[in-house]
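Please build the complex by placing chain B on the supplied structure of chain A, with the hints as guidance.
Chains as they are written, first to last, in our numbering: chain A, 1 to 385; chain B, 1 to 387.
If a hint is listed, it holds; no wrong ones were tucked in.
Pairs of lysine to aspartate or glutamate, EDC-like flavour, derived with a Cα cap of 16 Å:
#1 Lys175/B - Glu131/A
#2 Lys77/A - Asp93/A
#3 Lys175/B - Glu117/A
#4 Lys139/A - Glu167/B
#5 Lys175/B - Asp114/A
#6 Lys175/B - Asp81/A
#7 Lys149/A - Glu154/B
#8 Lys176/B - Glu117/A
#9 Lys102/A - Asp55/A
#10 Lys176/B - Asp81/A
#11 Lys160/A - Glu150/B
#12 Lys160/A - Glu145/B
Derived from the structure by calculation, the hints contain no laboratory data.
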Amino acid sequence: MQVFKAFFKTARRSLPINIMYFIIFSGIALFLSRSSVDTDSQAFASVALDVAVIDADRSDASAALTGYLAGIHNLTKLEYDREALLDRLFYRDIDFVLILPKGFEEKLSGGETDLYETMQIPGVYSSVFVEGQINTYLKAVRLYLAGGKSLADAQSHTEKALNAAAGQVRVLAQQEDGASGMKGIYYYYQFLPYVILSMILSGITPILTTFWEEGLAKRISCSSLGLSAKNLQLALGSIVYCFGIWALFQLIARIFYGNVLFRETGLLCMANSIMILPAAAAIALIISCFHPSSSMVSMCNNVITLGMCFLCGVFIPQQQLGSNVCAVSKFLPFYWYIRNNDLVSGFGGTPFAGGAYWENIGVQALFAAALFALALSVSKYRRGK
Amino acid sequence: MFWHEFVYEIRRLLRQKEELFWVLMFPVILGTLFYFAFGSINNTTENFHTIPVAVCRENGADNRAFTETLTALCEETCPPYFDVSETDFHTAKKMLQENKVRGIFRIGEEVTLLCASVEAENMNSTLAIEQSILEMFFQDYRASETAVTELIAENPAFAQKMPGLLETVSYGSPKKLTDGNLDNTVQYFYNLIAMACLFTSFAGAYIAMNNQANLSALGARKCISPCRKSVSVAAQFGSGILTQFVCLAVPVVYLVYVLGIKFGVGLPLLFLTVFAGCVTGVAFGFFVGCIGKVAEGTKVGILVSSSLFCCFLSGLMFGNMRNVVEKFCPFLNVINPAVRISDSFLTLNIYGVNGRYFGNLFALFLMAAVFLAAGCMMIRRKTYASI
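The following block holds chain A by itself, in its conformation from the complex (with noise of 0.2 Å):
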């Protein structure tokens, strides 16, 4: 087993990097899985938007109308500062800005109609929704003080009525009890092609090339050991190494997630994940075929991996990315594994189905298996060169 001793000592070269990687990439996935888990958990009877209000007023009418936005969105009072109120609204840290200015109440209670400004996102869903919610609140206001109400008890009837029309929504089905704690488990089985990729693209890519080069090859070739014999020691290295990485990866899973890893949908997960690990050794193998420099490992890593991750839903979920984009995606392995990802977890909107489920590992084989014919195809063709 000389060789695959040696593919251990050589990848000891690059154990510092590979670390370095391991430590900043495995940070990224778990940032990602946990935060991604806040965002959108969003119900639709209560969608929350962040909505940031300026009481110029400081009135009873204008404490009424805050108080029954704060009951459906998440509220912040805030100062007027247009530059940083822009900033946030840029970054959709906020969705809405109000601005009741003063006299809000007393054009409130003289029926005017133009009554508070805002800063918002033209056209955008999420303007037209608490847009909506006020001019639904205030319109029901006017009506109860044209009535003869005061405007004290216009704001009380009023904030009755919607309370009472609230929750009357009826809802077709009801998802199953368990699978919320299974969200972020979900997330950072998406986010995990990236991380694995990077690492074995990195980690294998050099120890390969070391092999290729042609002094060690024709000293390895002029030893007793065959080529198939030393072959198989790559591959067994490969395998040892490519299993490894891929082992951290779930013991991180299982110290952060807990048992919840070992129910039916998380083993589903793991079971999907070892699906990338032939594809990346084959793309692995396939660059090293032609004696990339550790600069052009790099290059490689980055364009394949940020480039397969932002086409295939690994970075933007599937269902937001183009159809043409989605044409062209289902020529990359990762394509079929987020595919399995969103069926396990539902976020594709389809229900699971096993037949599905395999039918994406299968194509996720055979995209290793052509992946691995391409590597052998050119790796004998650099030979006979």
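For chain B alone, coordinates are given in the frame of chain A:
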């Protein structure tokens, strides 16, 4: 001697295809991927589109007030709020399950709204907000109905006043925000350019390594030449910045003119920002290149991972990351060059040239000066024993 070194460094840099790739080709490739990936994302997820709904009438039931309100929202608004399909309940339910409509208004003795469970869709928050808009409309109708019923019961003459008050109008006026581009996906392109600026650090690292006799043959050759190290480093640093800047200008032009990305500002100011980014990038690379006797591969690894990490914190992979950092550790945003570069683009886009923009440029040049000074401190007066 300065100009001699300057010209030769330009020639050397232009022959380094790997270094050129990072500043010339990588942003072009990634920018193209971004363009396709983000091209329609806001249009799909954020921009308001007419919401498809089904309306079912039980046994031909009619509710004039509701039908009129719904028709007004379909015909008098632009774009129309709802696209109504009148059908029987069984078909409507099937349409809801297949996500062809977002809700069913069932008109019987009273009007009810039926929606699909949002939990089943989870990530698709567009659907959730579309259903919330339906709920809002439903609430509006029910609240008005309640108010009218109560008020007419109290005072039947109120029915005369009512019609004008039931019209759906906006009581607010939006402030004009900016002439710039408010599509937040443009920030990915800001960060892409920031990343390319930080990748100019490879050129800086090679400048440092090519001046140290224990790290490269060229460094050994230079150490015995009569040219002063300060002159040599200054010339190479200058040519490094110039070459990288010219190379980086190509992807910027590509993004603006070929992909049509709206940066909200003209090319000269974009170039000025890119130039400041290049100076910081090259200086950062120079600093890393000067650190001890570390293998070239490791230094490249440090540069790639630190550049990517800075860009991650700035929002290259996760758009809202910068605000998350701002909440928990704002100082990181102050010292992160990628944030300073992307914030410069943001400022130009939304506010134009102002104090904040110049503050960002000053911060970038200051960082460059610190990196350069620290690098020079590490390699100055280094002597090598004759062995």
